[in-house]
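Peer 1: Just so it is clear: in the first sequence, position 264 is 263 by numbering that gives the first Met the number 0, and no numbers are missing.
Below 25 Å or equal to it, Euclidean Cα-Cα: the simulated BS3-like pairs (lysine-lysine) are:
(1) Lys356 - Lys404
(2) Lys304 - Lys356
(3) Lys93 - Lys224
(4) Lys333 - Lys390
(5) Lys460 - Lys439
(6) Lys352 - Lys317
(7) Lys478 - Lys431
(8) Lys258 - Lys142
(9) Lys242 - Lys431
(10) Lys242 - Lys460
(11) Lys317 - Lys390
(12) Lys404 - Lys304
(13) Lys460 - Lys482
(14) Lys16 - Lys439
(15) Lys224 - Lys258
(16) Lys423 - Lys478
(17) Lys460 - Lys423
(18) Lys242 - Lys423
(19) Lys263 - Lys83
(20) Lys142 - Lys83
(21) Lys242 - Lys16
(22) Lys142 - Lys263
(23) Lys93 - Lys83
(24) Lys333 - Lys304
(25) Lys390 - Lys304
(26) Lys439 - Lys423
(27) Lys482 - Lys431
(28) Lys478 - Lys242
(29) Lys258 - Lys93
Because the hints were derived from the structure by calculation, they are not lab data.
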Amino acid sequence: MTQAQNAKAQRITPRAKDFSEWYGDVITQAQMADYSPVRGCMVIRPHGYRIWELMQRALDDMFRASGHRNAYFPLFIPMSFLAKEAEHVEGFAKEVAIVTHTRLRATGKEGAGAVAVDPASALEEPLVVRPTSETIIYAMFAKWIQSYRDLPLLLNQWCNVVRWEMRTRLFLRTTEFLWQEGHTAHADEAGAEQEARLILGIYRRFAEEWMAMPVLTGLKTDSEKFAGALRTYAIEALMQDNKAIQGGTSHNLGQNFSKAFDVKYQTAAGGLEHVWNTSWGVSTRLIGGLIMTHSDDNGLVAPPKLAPVQVAIVPIWKTDEERTQLSAVGRELKSDLEQTGLRVEFDERENLKPGAKYFEWEGLGVPVRLEIGPRDLASGQVVLARRTGGKAPVPLQGAATAVTKALDEIQAALFAAARERREKNSLRGATKAQFLEFIKGSGGFVYGGFCGDPACETEIKQQTNATIRVLPDPEFRSKEVPKSCMWCGAPSIAEAVWAQAY
RNA sequence: CGGGGUGUGGCGCAGUCCGGUAGCGCGCCUGGUUUGGGACCAGGAGGUCGCGGGUUCGAAUCCCGCCGCCCCGACCA
0 MTQAQNAKAQ RITPRAKDFS EWYGDVITQA QMADYSPVRG CMVIRPHGYR
50 IWELMQRALD DMFRASGHRN AYFPLFIPMS FLAKEAEHVE GFAKEVAIVT
100 HTRLRATGKE GAGAVAVDPA SALEEPLVVR PTSETIIYAM FAKWIQSYRD
150 LPLLLNQWCN VVRWEMRTRL FLRTTEFLWQ EGHTAHADEA GAEQEARLIL
200 GIYRRFAEEW MAMPVLTGLK TDSEKFAGAL RTYAIEALMQ DNKAIQGGTS
250 HNLGQNFSKA FDVKYQTAAG GLEHVWNTSW GVSTRLIGGL IMTHSDDNGL
300 VAPPKLAPVQ VAIVPIWKTD EERTQLSAVG RELKSDLEQT GLRVEFDERE
350 NLKPGAKYFE WEGLGVPVRL EIGPRDLASG QVVLARRTGG KAPVPLQGAA
400 TAVTKALDEI QAALFAAARE RREKNSLRGA TKAQFLEFIK GSGGFVYGGF
450 CGDPACETEI KQQTNATIRV LPDPEFRSKE VPKSCMWCGA PSIAEAVWAQ
500 AY
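Let the sequences and hints guide you as you build the complete structure.
Peer 2: Here it is as structure tokens:
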């Protein structure tokens, strides 16, 4: 077997063969993450972390522009805090990590038994490792908020959280993950509601404009809402295997937490009122969504705006003279592109043939590759190859313009393709029979009437594993309003979108 | 927690049925020749065969126990 054939044989598992293996292969190939020695945890490698940093920057700018400020609250939360809001405890009790001791001691034994928990170091009150920070943040809000003049209070934090999950998958669900959590306090319900909706809009814009990932926005049903929230809004995207992913949530918490933590403010009229809160978050899970939205059987496809490397320049040379010449031209090209703000690598490695480099950069998801050899040099051009397919020569002089244009086109094309795929895999106005056939077949988003009865929702979930992803916002609703429940036939209270989900 | 699979150089695997002291491909290192879609030749480094017991002259291989990981189901961003 030649090396080429061998490499082909070891390639990424095709999506059609095994989607889940494909997903893992893409991550490995792109060096985005690795399994850690701790079960359920992952190491985010530089190429994956860079995507997260780019996401953070974009989101953070949007938060800041809308008046939010960043802060940092501690990892540890007194166990008693979690118990203060009844629904909230119930929601998280099953998956919190608890710190009970503060010391190890040497046992004098060999190997793994050489250290043990020092029983003398038991904490009086155990600490929980935050699964989310509502409790500790609102405990602090109670200290900081006194008057209506202190409102609204608009904070955000970037941090890690821990939820002890039974089954984990890289990026999509890990025991520890990175996210941002926004927490705000408002003088009235309208303020909180407006904030929750504002953030949902930011999440949608981020998903569409940066990730090139089309999303539905809407309201979660009670069974799917955040534990402790009045209402939960979410963005939902459809992956290539036709399973849905919840990409971000924005909660109107009402006064549930302000009452539990006694967060009160004095009104202009002199009265005393509990504040209205919101909380909202997106996590590294979005990276999983990004992978499953765009990538193909050759590896990662990164949308240009979030690609750690946007342009890879690959020189092609034979003689030493060509090498010297191309090395100089390549460096200059790199520098030109960088000056227009692009993220560029010039691949001068000598131990790899150009073809090998192409495959490597493709696996890493680089949207644009510039190939430049003696023939191009002679005619004053470079070959511009797109990750999504197609090669064409462009003038070497002013290549930055062509590259920028290509990146913009790729960004737009990825979004359009993803949206088209989603629509192709959506079924509207479904009857029960159509719903069953669709969900058990290829799957996707199913739009239909919903009676509002949780029992109906549960029955559907039990029989099909599909859940209501959202009660969609007006612009995503079908033209014809469903009159009756897709499942039970009772009068419909709202249109719902069902899907099997991650 | 239930079901399935799997643990052998960094990665992917063969060897296990039928015990005889570990091999292949990729990757890595050195030198040379190469370079327009995964280069080739030569030399080389690297493994307590998941862990613990047992059987045996001898165990990756047979027996007993344990553990890890991956995939599939119920909970979740």
